[in-house]
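Those sequence lines, one after another, are chains A and B.
Position 153 of the first sequence, counting from 1, maps to 152 under numbering that gives the first Met the number 0, and the rest follow consecutively.
Position 216 of the second sequence, counting from 1, maps to 215 under numbering that gives the first Met the number 0, and the rest follow consecutively.
Everything labelled a hint here was simulated from the structure, so no lab data went into it.
Given the structure is predicted, the values throughout are model-derived calculations rather than measurements.
We put the beta carbon where it would ideally sit given N, CA and C, even for glycine.
Heads up, some of the hints might be wrong.
[Stated by the list, open to error] A few chain B positions that, by computed beta-carbon distances, are all more than 12 Å from chain A: (1) Arg106; (2) Ala161; (3) Gly203; (4) Gly208; (5) Gly235; (6) Ala270.
[Claimed, not checked] Cβ pair distances, simulated, as ranges: (7) B:Met269 x A:Gln145: 22 to 30 Å; (8) A:Ala39 x B:Met269: 46 to 54 Å; (9) B:Arg57 x A:Asp181: 21 to 29 Å.
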Amino acid sequence: MTRNVAVIGDATDPTTVHFLAECAAAGYKPRVVSLGDIVATGGWHLAVPDDGCSRVWTADAEVPLSDVGAFYCRLAGSRAQWPAEMEIRQSGLLLSLRLWLTASRALVINRPDIDQHNGAKSLHESELARLGFSVPDSISSSDISQLADFLRGGRAVIKACCGMRANTRELLIDRLREYSADRGPLHLQRLIPGYDIRAHVVGAEVFAVRIDGGPAVDYRTDRHARYSAVTLPRELQAVLVEATRAQGMAFSGWDLKVDADERVWCLESNPMPGYSFYDGHVGGDISKALMRQLWEQP
Amino acid sequence: MSTVPASLPDLYVLAGGTDTLARAVLGAAEGRGVRALLCSRFEYARVLTVEVGLSGVRVMPDRPVLVRQHADGVPPGPDAGFISEEVYAHVKGGLSLLGRTVVNRPRIRGVSVLQPPAIAQYHLRAAGGLPDRVTLAPELFRDRVHGGASGWEVQDIYTYEASLGGGNTSREAPQRLRRSVSRLFRYVSVLVVGTRTWVSAGAGDPLAGIAREAAAEIGSIADLQLAEVTFKSTEGEDSLQVARVDANPRSFAAAPIMSQAAEALLDLLMAS
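Could you build all of it, start to finish, from the sequences and the hints given here?
This is the structure in structure tokens:
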């Protein structure tokens, strides 16, 4: 018997759009839970524990959820600019789905109750170290003298403490003069020169892309960056698969840095990876592996 | 050996100024000569430093912390939303990694006082290990209340404003429906501090003893050092339904329990 599969995402999310296109090309027909359409024109009824009638709907269609056996979900806000009333509906829908999916017995990639530390950088880096990775030294603080001491110890990049997506850039000590603690804490991490690896783990499979860039700190801002599919050493693949599983995830995206001594540093693991760009460099294999997990994994 | 300057307080209390339990803890601390400082999350973020590296983790100030749900104290301004998220993340990271007692400590996976209270019950359900004779009351999440909701407490999940049957909610907004806990129904509430418990409502219920044991067990399962667990009790039945797990209890206004709870909290916090 074929399992019912649903994809939860938003039409403004490139990864959701990409995965649905790959599903269509492969002949799969998941139910589509379009978050923006539900917020704008529909509604939801979600019971915990499930009462067999849990569902969402838009102006055009109703999507039953109780009989779904597997979900691929990207629970993130729409990139559309909503009025305040719609923002409230959106946050209500996202919270309700998180709670409902947490209590669901279906396969959920990824479950909302996975280890939640990516949104607090110091905690995230501590957990990555605990999982056995080499993690660059970091400091989170509002104390300008401690931040300056850290910068005197070597080059460093600045990141958002909350994990908000932003281009990574180097912070020079002179710029600290402009900093005020009223603007919130800073998170600095030691800069590791070298090439980047972006690896996606789906179940026990690993798909990696090597990125060789120019002088830019963040390859995403480097127009001359070169991307090539690579096979990681078997031991590293095993570590990534095990660390993904240990965090309660079936799917993850890993940002790694390899220095001049070929030492592998872990910068981040993403629990809801935006993978569509990298999928193009591995022949769509990430999407295919996700489909196998959703439709065929017992 | 501690490297904390002597001028630092012995205890941080992250709470709003009108929080009666936080005030009671501050009073108990003063009575014992413990220097406790009441501050907002924003103020605490300004003194907090977290270092993570190959040599381990270091969190300063190395002091126990009581965390209560409160407005975070970020000054208004065009970047207030972003600063608020940064402060939240920084404090969550620091309190998760702090080597001293934190009540309630934010967890990687589980209940946190920094999360909406709604989360508590769901992690409890996910844990799957409920005490005997205890079940979880069902809940509904809807985009709005369609028609009446008799017998349900309807909560606006954005503002937490709640009303019986949904009649008094001020606007149409996403709703959470829980079985009513009001004078119309039998219920037992139990305050949990560490391993200690007090029945804060419904002490005369024949199942109050079971409720007390179950609340302690639920606190342990949910990894909550401070919680109030409310059970719905039904005449003629010898089982209880968990109706609420509140990681940020405020409603137990009875003075004797307040002072005992504050002393017990201080015991917990200063034990590390």
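Please name the hints from earlier in the document that this structure breaks, with their numbers sorted from lowest to highest.
Failing hint: just 1.
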